[in-house]
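This is what each chain is made of:
2 protein chains.
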Amino acid sequence: MPQHIPSDSVGIVTPQVAKFDTPLELRSGKVLSSYEIVYETYGELNANKSNAVLICHALSGHHHAAGFHEGDKKPGWWDSCIGPGKAIDTNRFFVLCLNNLGGCHGSTGPTSINPQTNKPYGSDFPMVRVRDWVESQARLADYLGIEKFAAVIGGSLGGMQALRWSFQYPDRLSYCGVIASAPKLSAQNIAFNEVARNAIMKDPEFHDGHYMEKNAIPKTGLMTARMLAHLTYLSDDAMGEKFGRDLKTDEIKYGYKPEFQVESYLHYQGEKFSTTFDANTYLLMTKALDYFDPAQYSDNDLAKCLAPANSKFFVVSFTTDWRFSPERSEEIVDALVEADKDVTYACIESEKGHDAFLIPIPRYVKIFTAYMNRVAKELNL
Amino acid sequence: MPQHIPSDSVGIVTPQVAKFDTPLELRSGKVLSSYEIVYETYGELNANKSNAVLICHALSGHHHAAGFHEGDKKPGWWDSCIGPGKAIDTNRFFVLCLNNLGGCHGSTGPTSINPQTNKPYGSDFPMVRVRDWVESQARLADYLGIEKFAAVIGGSLGGMQALRWSFQYPDRLSYCGVIASAPKLSAQNIAFNEVARNAIMKDPEFHDGHYMEKNAIPKTGLMTARMLAHLTYLSDDAMGEKFGRDLKTDEIKYGYKPEFQVESYLHYQGEKFSTTFDANTYLLMTKALDYFDPAQYSDNDLAKCLAPANSKFFVVSFTTDWRFSPERSEEIVDALVEADKDVTYACIESEKGHDAFLIPIPRYVKIFTAYMNRVAKELNL
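Quick mapping for you: the protein sequence lines, in order, are chains A and B. Here the first sequence is numbered in our numbering, starting from 260 and rising by one per residue. Here the second sequence is numbered in our numbering, starting from 260 and rising by one per residue.
Hints in this document: simulated from the structure, not taken from any laboratory.
Derived contacts from chain B toward chain A, CB cut-off under 8 Å, selection only:
no.	residue
1	Phe451
2	Thr479
3	Met498
4	Tyr515
Quick list of in silico lysine-lysine cross-link-like pairs, DSSO-like style, CA-CA up to 30 Å:
no.	chain 1	residue 1	chain 2	residue 2
5	B	Lys501	A	Lys563
6	A	Lys531	B	Lys516
7	A	Lys473	B	Lys478
8	A	Lys516	B	Lys289
9	B	Lys473	A	Lys512
10	B	Lys473	A	Lys516
11	B	Lys332	B	Lys531
12	A	Lys501	B	Lys443
13	A	Lys308	A	Lys636
14	A	Lys407	A	Lys289
15	B	Lys443	A	Lys512
16	A	Lys473	B	Lys512
This one's a predicted model, so the numbers in the text were calculated from it and none came from an experiment. Just so it is clear, CB atoms sit at the ideal spot from N, CA and C, and this is done for glycine as well.
Okay, chain A solo, but in the shape it has when bound:
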């Protein structure tokens, strides 16, 4: 293993691709006649295929959750929680993570070629909802021969997918992990998404979503979207601690270039994102977030919605997460208790805001590890 790879890493990983030719009818009524899913796996699938854990990604996530791609210096996005001896212990579990449909990291999405036009889909790619992702994930499980997951786990938008698994395919998972998530967005959440979408769509380089054909990128809009989103992932406290009111230079320059450290940081994050992420995917992912509200089909009664679930639940929130505050997780916990489900809940003290779910905070790691030990023990893994 190359020198920079730590011993508790899953090591070098290579994405794989699964092709599907059975049409997928989406919630919107549109149909994807064929599509590809890119995914990664870590650990070994056991003989009776009972040790698989599905990881669902969030808005800007992808299939590369752990380990290193050849040549990369940074590991996957949830490497802190996935690996030998880590919370999701790859010595015991076979971990599967995919890029969702509509994504821009290899699975079929707006940057893929539309077979009907031989041009990139762009904004013609159909909107995908959480339900559709869960269905496509179930098909990937079929493809891999996994009948039932030991656990389906996700954070943020990934948590919504995990939650939906619990009642969409109640017999295909034993445990459900919903981290830093919510049963539906609030008006404020939707509003933040719409400010970002508006910035992207009004960017003159957006070209109604067909910017690829024009060799253009709505970079300004994407940068604004990311700067704003990034702001909502961090807490006021975390930003205060990290940057405070520190200036980049000795004194105020009375100009409009970034002067405070926090401004430079946001510019850096926005710039980086705007050159690597697809704008149509961003729009599509935020709409999936906005639309998610499974209880609306059960008289707005979340307990009723969750009643069909057969799994046990692990719910985690973080004190300074103001995007999906602990109260939002507690709505899920309350509904699960009301629906007579087995639920373990932890609200983790952290100053890191929404981003905390990606960070190895000691109590979080400890309780996550303990819970996954319980999963392994109860399933005889």
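Starting from the known structure of chain A, arrange chain B on it as the hints suggest.
Frame of chain A; chain B shown alone:
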């Protein structure tokens, strides 16, 4: 009085203009050789000129705080608190409100003609800080023959001006009202401002701030800025109560036009603002907010900074204001107590967020009125 004007209104008001030819040296080192200030007054200045109250406006505010302009259906921005029998009772007080320098409602600012080029200043208009506004306000007071204000009062950025008055001209005010404000912005506050500025400045119609010469407006950037700012003025609760997840139409359309009520509302607010407010003024006002940190010149000791003050203080915060939370007001209160000043503080229960300071919430109106009665009584008005 026209029929639609209520009896507790100051009625029809007409702005006035004061011209200044004495150069104003700004904190940045730049000099405004001459400038105009547009202002309004309500009530009558008494014989010994002891009943004047100065109102300082916030980011998007102006001189039109109360009453109606001829033909207008909506009154000034703080009409709920200024008028006969209202908290700032115009039967007793002479109320003065001006548009700050750098504004876009009549006072000299980026849309004014630069006498050196005979073109609009645009982004060549010098940056103005809170200290500069206080100095220009003091000059306006001189012009009107007001030696000492009964009170200087402001909300949000206006509260910062009031606070600065207390130690910049300690003998020119008897009372200081600081409402929904903060002693300085947090990193998160600065970050929100920078996202807005970046959206404006990267708009191709910005033309380095000289859009007027090109007959252009950075409408998209301004709209994004306003949608975002508006979001931070409202609380999650207030938005939930007002809009919830209500759709504009019967069902989801799977399109990117506004679908939720909250989206339409933000679009409306953003559109309206982007056609009426000047982008350079927006940039300048947000920088004045970012720079405000008077304690930095007193070893970061706010009590030491406020030590020279000779006025009594009235500080108000609102429970769901997350732009300037009650904790930020309490920093001011704590420093005032430490500096041995007379301070009255109220944290008002409200679900309206930062905007609450503009809304006639019963307890707010009651305590504001009671405090202003005390001011009148102690000053024998």
